[in-house]
Amino acid sequence: MRAGMNAENIILSVEHLTMRFGGLAAIDDLSLAVPAGKITGVIGPNGAGKTTFFNCLTGFYKPTEGVVSLNHPTRGALRLADLPSHQVAHVAQVVRTFQNIRLFPKMTVLENLIVAQHNALQKASGFSLAGILGLPSYRKAEQQAVAKAVDWLTRLHLIDKADTPAGALPYGTQRRVEIARALCVDPLLLCLDEPAAGLNPRESGELNELLLRLVADAKLTILLIEHDMSVVMNVSDHICVLNYGRKIAEGTPKQIQNDPNVIKAYLGEEDADELLHAEVSA
Amino acid sequence: MSPLVFANNAPTLAERCKDAAGIALIALLLGIPMIGLTTADQGGSLQVLTRWPLLGAFVAAAFCGRLALRYGLDMLKQRRQTRDREAAARPGKRGVRSIRILELTGWLAFGIALVLPILFSDNRYVVDTATTVLIYVMLGWGLNVVVGLAGLLDLGHAAFYAVGAYAYALLSTQFGWGFWTALPVAGLTAAVFGLALGWPSLRLRGDYLAIVTLGFGEIIRVVLTNWTDLSGGPNGISSIPRPTFFGLPFVPSSDTGTFASFFGLEFSPMHRIIFLYYVILLLSLLTNVLVKRLRRLPIGRAWEAMREDEIACKALGMNITNVKLSAFALGAMLGGVAGVFFAARQGFISPESFTFNESAIILAIVVLGGMGSQLGVVLASVVLVLLPELGRDFAEYRMLLFGAAMILIMVWRPGGILSHREPTLRHQPAGEQA
Amino acid sequence: MALALQQLINGLTLGAVYGLIAIGYTMVYGIIGMINFAHGDIYMVSAFIAVTGFTLLTAFGVTSVPFALLVVLIVAVLFTSVYGWAVERLAYRPLRGSTRLAPLISAIGMSIFLQNMVQLTQGARVKPIPPMITGGIDVLTTDGFTARLSYSQILIVLVTVALLAAFTWLITRTSFGRQQRACEQDRTMTALLGIDVDRTISLTFMLGASLAAVAGVMVTMYYGVVDFYIGFVAGIKAFTAAVLGGIGSLPGAMLGGLIIGLIEAFWSNYLSAEYKDVATFSILILVLMFRPSGLLGRPEVEKV
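Protein chains in written order, with this note's numbering: chain Y, 1 to 282; chain C, 1 to 434; chain R, 1 to 304.
Any given hint could turn out to be false.
In silico DSS-like links for lysine-lysine, alpha-carbon gap of 25 Å or less [stated by the list, open to error]:
no., chain 1, residue 1, chain 2, residue 2
1, Y, Lys148, Y, Lys123
2, Y, Lys106, C, Lys18
3, C, Lys292, Y, Lys123
Pulled from the structure, derived: some chain C residues nowhere near chain R, Cβ distances all over 12 Å [as the list claims (entries may be wrong)]:
no., residue
4, Ala27
5, Leu46
6, Tyr71
7, Ala87
8, Phe262
9, Ser268
10, Met270
11, Ile274
12, Arg307
13, Ala405
From the structure, some residues in chain R lie toward chain C, with a derived Cβ separation under 10 Å [unchecked claim]:
no., residue
14, Phe48
15, Ile137
16, Leu140
17, Thr240
Since the hints were derived computationally from the structure, they do not count as laboratory data.
Here the structure is a predicted model, which means the values were calculated and not measured.
Here a beta-carbon is modelled for each residue, glycine too, at the ideal position from N, C-alpha and C.
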């Protein structure tokens with residue numbers, strides 16, 4: 001099940017990605033192959049370039065060098081760096097969440113998830129004409145969108161908050177809403193930026209279950225930035241460790257835990273082994 | 001400088017007086033050059049006049065006003081704290097009740113608007129004023145799409161108002177088009193201008209967008225003032241034909257029959273006035289229905305989502321360019337339609353009616369009424385148009401009060417007076433718990 | 001040839017005035033990240049104060065022009081700074097933490113308020129004053145036209161250069177300048193380091209207002225006529241100048257001002273005077289479309 005990488009099933013291939021801001025290389029010659037249908041974790045100390053990496057993937061930054069290629073099942077190999085950010089989500093079906101949650105605070109949870117299905121609904125509304133006229137074809141499409149939203153809200157235990165303005169929810173709940181919203185876009189690759197931040201141990205346990213279920217049920221690949229080791233080490237099939245924009249280690253969770261470079265990056269030269277082991281096996 | 005009191009012990013009278021004295025000093029410094037002194041033309045050159053009593057009154061008013069304000073605010077805060085504590089202990093369905101009140105008020109306003117000309121069928125002044133209110137309501141609803149729903153700060157809305165008006169003026173005076181045939185064409189022309197404004201503004205954020213829209217508005221005005229061949233220059237276009245009742249003109253007599261003669265009525269100028277009123281009422285109701293519908297459609301939600309967080313929208317696959325352009329185009333079209341009506345009603349237009357001041361007034365209506373709120377726009381328009389009618393003084397001070405009101409509303413209630421947002425979709429009907 | 005030289009002279013003088021106002025925009029934008037929409041009207045207030053001041057001094061029988069100028073400058077700067085302070089306290093500070101839209105609308109409200117306040121208290125008519133400084137130097141004569149460098153123009157340019165030097169020194173060498181730059185970069189951190197951020201921001205507004213005040217006095221002296229609308233027009237042009245030069249950059253603001261002044265002078269003389277404002281607005285739109293960071297500014301990367 002969680003064996004090593006199958007070379008034919010690489011959904012995202014990153015080759016020599018470099019992102020420079022002026023003289024600073026936020027990402028430096030990063031190469032990574034993300035296996036399909038698995039959970040890949042991206043970890044590293046603060047400032048390692050993890051969110052910058054996501055921004056390069058999803059069209060918010062234009063990489064200085066390198067190629068990011070998504071193997072789409074029907075559309076072939078798509079070079080993500082050439083796509084504007086909305087097409088990365090719409091065409092390549094790579095959807096992300098944000099480190100600082102970006103919900104639509106004045107809109108309800110349900111509305112947030114409907115907005116995520118904008119493209120399909122917009123087409124069904126025929127440039128809004130079918131919608132204005134109240135044609136049944138549009139109404140059916142809207143009902144389907146609501147049903148999908150309700151389905152995800154139920155699965156993530158958010159259904160009782162459906163009519164609450166998103167800005168009024170507690171932090172941990174907002175994180176779940178953001179994930180539910182991303183799922184409504186029907187992603188192939190879901191990029192989660194610190195989904196466990198602000199969650200208590202019970203909630204992060206539930207998050208683990210959710211992530212594992214998503215990958216098992218839907219045809220979903222997850223790329224995960226996370227600091228919470230109890231999440232990363234327990235759900236990831238594969239982990240990539242960044243430091244100062246460079247990849248310093250890659251492998252299974254067990255391999256990463258024992259990698260001296262990783263330990264050094266997190267804790268510095270001294271007080272290595274025991275402390276990292278304790279944190280990591282939590 | 002201002003002592004913000006967070007502690008539970010209220011400030012003493014001495015502290016309050018010291019605070020008010022500080023404000024009075026500021027008022028004195030601000031007032032000396034503007035209120036205390038002024039220059040006036042006397043005998044061909046300027047002379048300085050002093051108005052120390054006025055300045056003294058101003059300073060005294062500042063002192064007392066500050067005392068009263070602080071005292072009032074502190075009392076309000078105490079009362080609100082007690083009220084919040086009670087409300088937290090008893091979660092209620094208050095939200096639902098206030099929605100009902102809003103709905104009822106809306107229907108009431110609609111009812112009044114419908115029967116107004118019948119009630120005042122011999123009072124030209126009332127119907128005229130109501131027509132003006134409705135023009136501003138329509139302008140406000142149009143700008144509401146851009147500013148309130150889509151969150152794009154547009155300071156040049158008068159430009160689209162002007163485009164619509166001039167388009168109708170030219171089509172009717174040069175090509176003999178009628179009101180109803182020219183209406184959609186002029187509206188579409190305005191929409192095209194909206195796209196022309198939207199396209200360079202796509203990547204601009206709030207402040208820059210505001211200035212660019214302002215510049216656009218000014219460009220249009222300057223062009224209209226100077227391209228005399230097209231627009232008649234500062235003199236504008238006159239003798240614009242008035243709308244007819246399906247071909248029947250509202251004139252005392254005509255060879256082909258008039259409105260009065262057709263209906264067997266004695267001619268009265270009120271007929272045209274009332275007809276115009278119902279035309280604008282119809283146009284604004286159509287606007288209202290259209291905008292309400294669009295709000296519930298994907299495009300409306302997209303506008304609101306874009307206002308909330310543009311980056312999140314992009315990350316969800318939304319093409320922000322189209323969303324922005326559609327907001328500009330629709331807002332412009334609605335402004336243009338209002339312009340067509342304005343030209344038809346006045347019979348004469350000139351660039352004077354389409355200055356930045358006009359854009360600012362429309363923006364004030366949207367902001368004060370509550371961005372995104374249809375009813376708020378109506379209330380704000382009523383206040384805006386009626387206030388100067390209350391007296392000469394109010395007329396002079398109108399814009400001053402509006403400027404001050406914009407500041408106060410933003411500080412006190414940034415969402416506007418009626419800033420409640422009704423969701424476009426509900427999982428459970430309002431008022432029920434899951 | 002002389003005609004072109006005259007345009008150059010006029011344009012640079014005008015540009016210096018725009019530059020002074022533009023510096024105020026750019027300083028405020030740098031520190032609170034917002035355009036002070038009411039800044040142009042602060043300039044206008046100062047122009048009116050200058051009119052009152054000059055008229056008052058003439059009534060007192062003051063004949064020495066340098067003395068009158070100095071007095072009016074000081075008085076205008078003092079009063080206008082108070083206005084600048086008041087604008088910040090009323091329209092901006094209460095909205096420090098809110099969305100972008102609210103302070104902008106508040107600023108527009110403040111601009112409308114100031115314009116109408118001046119209109120009501122000073123009268124809606126144009127205010128003319130007799131020319132203070134007459135005479136100049138004839139520079140070049142070709143084709144029957146004499147290019148003239150008037151003394152008032154020389155004065156404006158000299159004052160501008162002096163102020164620019166003084167401000168650059170203030171920003172780069174004094175501790176206030178350091179505090180201001182710190183606030184620009186990271187307000188929270190600056191506050192945590194014990195610097196009074198509120199005071200720094202207030203002082204920045206006052207400084208910007210002072211520069212606008214000088215511009216107002218200069219313009220009054222130069223053109224001899226003011227009305228309550230000049231703030232609106234000059235405000236947009238100065239803002240264009242600030243954006244053109246790179247918002248946040250002081251030398252950029254002055255550079256932008258000079259460019260706008262030159263374009264305006266040459267355009268209105270050689271192409272069409274009526275459309276000179278259209279030229280300025282078009283420049284603004286083009287700059288924002290194609291090079292939003294301006295000539296001397298640093299491109300901003302939005303944090304996602």
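Quick rundown of the hints versus the structure:
no., hint, result
1, Y:Lys148 / Y:Lys123, "holds (17 Å)"
2, Y:Lys106 / C:Lys18, "violated (41 Å)"
3, C:Lys292 / Y:Lys123, "holds (20 Å)"
4, Ala27, "violated (9 Å)"
5, Leu46, "violated (5 Å)"
6, Tyr71, "holds (19 Å)"
7, Ala87, "holds (24 Å)"
8, Phe262, "holds (48 Å)"
9, Ser268, "holds (39 Å)"
10, Met270, "holds (35 Å)"
11, Ile274, "holds (35 Å)"
12, Arg307, "violated (9 Å)"
13, Ala405, "violated (7 Å)"
14, Phe48, "holds (7 Å)"
15, Ile137, "violated (29 Å)"
16, Leu140, "violated (32 Å)"
17, Thr240, "holds (8 Å)"
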